[in-house]
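Engineer: Sequence:
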Amino acid sequence: MAFETNKFMVVKKKRLEKSTFSVECNVETSVEIDKILSVCQSAQADNVEILNGVANYAGHIDLCVLYMTVDGEIGTLNSSCPFTGKFEDDFICVGDRLGIKVDVADYAIDSFGNGNIKLSCVCEQSGILICGREVGCIATGDEDICMKEDEILVNTLVGQARETFAVESEISIKEPVKKVITSDSQVFVKSVESGVDFVSVGGEVVTKILYLTESDRFETGYTTESFKEEVELAGVTREAVSEAAACVRRSDVKCEVENSDKGVDVKISIPVELQVTSYLEKNQVVVKDLYSTANDLQVSTESFEMTRQMPCDLFEEKIDGTLTLDEDSPRVDKIMFVGGSNLVVTNAYVKGGEVFVEGVTKTNVVYLNDETSALYSVVVEVPFVVSDKTDCEDDAEISVDVVLTDVDVAVKKGREFLFDAKLKITVSKFCQVTGAVISGAQVAEPAPERDCGMELVFASAGQTAWDIAKAIRVREETVIFQNPDLVFPLEKDENVVVFFNMR
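Start counting the sequence shown at 1; every next residue gets the next number (my numbering).
Possibly wrong hints are sitting among the right ones.
[Said to hold, decoys possible] In silico lysine-lysine, DSS-like type, Cα no more than 27 Å apart, as pairs:
no., residue 1, residue 2
1, LYS492, LYS288
2, LYS179, LYS318
3, LYS318, LYS101
4, LYS208, LYS262
5, LYS267, LYS178
6, LYS267, LYS190
7, LYS7, LYS288
8, LYS254, LYS101
9, LYS254, LYS208
10, LYS179, LYS190
11, LYS101, LYS18
12, LYS228, LYS262
13, LYS148, LYS190
[To be verified] Across the chosen pairs, the derived CB separations fall in these ranges:
no., residue 1, residue 2, range
14, VAL54, GLU170, 43 to 49 Å
15, ARG238, SER19, 37 to 43 Å
16, ASN52, PRO383, 35 to 41 Å
17, ARG238, LYS86, 35 to 41 Å
18, ASN52, ASP265, 52 to 58 Å
19, ASP451, GLU143, 30 to 36 Å
20, SER269, GLY136, 48 to 54 Å
21, VAL344, GLU273, 35 to 41 Å
22, ARG238, LEU314, 35 to 41 Å
23, LYS178, GLU32, 17 to 23 Å
24, GLN432, ASP328, 52 to 58 Å
25, ARG415, GLY132, 54 to 60 Å
26, PHE91, PRO383, 29 to 35 Å
27, VAL344, SER269, 52 to 58 Å
The set of hints was computed from the structure by calculation and includes no laboratory data.
As the structure is a computational prediction, the values presented were derived from the model and not from experiment.
The C-beta atom is built at its ideal place from N, Cα and C for all residues, glycine as well.
Could you build the full structure based on these sequences and the hints that come with them?
Structural biologist: Structure below.
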């Protein structure tokens, strides 16, 4: 008697444990800096190496430092600081895929001068492991083995694909511009649709620039560009559920200023990196039950866990907050500009048919004090909790991407900052499903020899022909053929007669 194992694949997503680490960044400068007004920072993972039990990756932090020189000039420094990180988990295996998110939770300016700015960044890493796992299901061709097959719905990974493209944006300014001080671009995914061997992703790139006019006024310009890209991925069908993650490769953004008859055109080329992942449900034939007509069997089962991916939720929310300066801080006579914002999501969960996202934003504001005729900077920190309706259950797991846009800061009575902005949120939803299959069988002992030619079975209502056949070690079709007047499952208790010398 020979048993074989047929294997099929299921997909499993696992959230890896969050952790923090520190990165020291050194930014070289050729000017003598008197004051650092603001620092904008964003972190991104680049390359990952997955081994059994550990995933090592390399990344970088993009920094934009806004400063004032000893001569009163305002300038910016852009720098990229490399770092390495890792995740350790016994579940990680070679061949798995890993989605990594790194946020700069906080930073400190350790020192500046002598041609160098030294910063310490506290980074928070989180990751979702996406892996295919084999499930073994028994099979045999032996005549004395009776098998009952069933179809189950399994969740599989189609694959991942990555693509980088450029979004071209332009801001026209109707007055002379001395210089563009900073530019900041963010990308937001608005739609993900599965096609045949491709995934279509639509979204927006929001760009903000800070510039200084010839009359020494600080001004801000905004532009929003829509995009729709098709990312090729073999095996995708229209029934597949796909998700997409997007990021701006900030270190590769190009900004050019061109003079025109009506003023200045600021042309910005923004490289956007898309990563799509697709999942597909399919029917899988498995053995639900089995027995031998000739031997006792020792049957083993295997439980497995797989992930069911659900379509993403997209929503927008407004947030606001305040900050009051203490009495020792210089009074605010004029807000000069908002130097940049940072956002960190601290928690996201589903409860009572709603998805909740918690986090904190930190926005750098540079202001003028008339009494000292000097510029000062302050960080407006605003915690937030936003929610929206969702169709998933409370036990669903989610991951979120949040983009902060339309930031506005005003001042009241010279000491109170009023902050408001808009959050654009993408919610990826998935849940864990548990299944079980018969994975193995061993022959124990030969079945006892029969001492009669027939058997009368007192069967109960609800029993099937399979139940009766398994109990007395005959084939299911024997029970059905020899009892043509009975309908299975039985509607009431019945006497079932089976003759062993008939097939």
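Engineer: What are the numbers of the hints that this structure violates, sorted from low to high?
Structural biologist: Hint check: 2, 10, 12, 13, 19, 21, 22, 27 fail, others pass.
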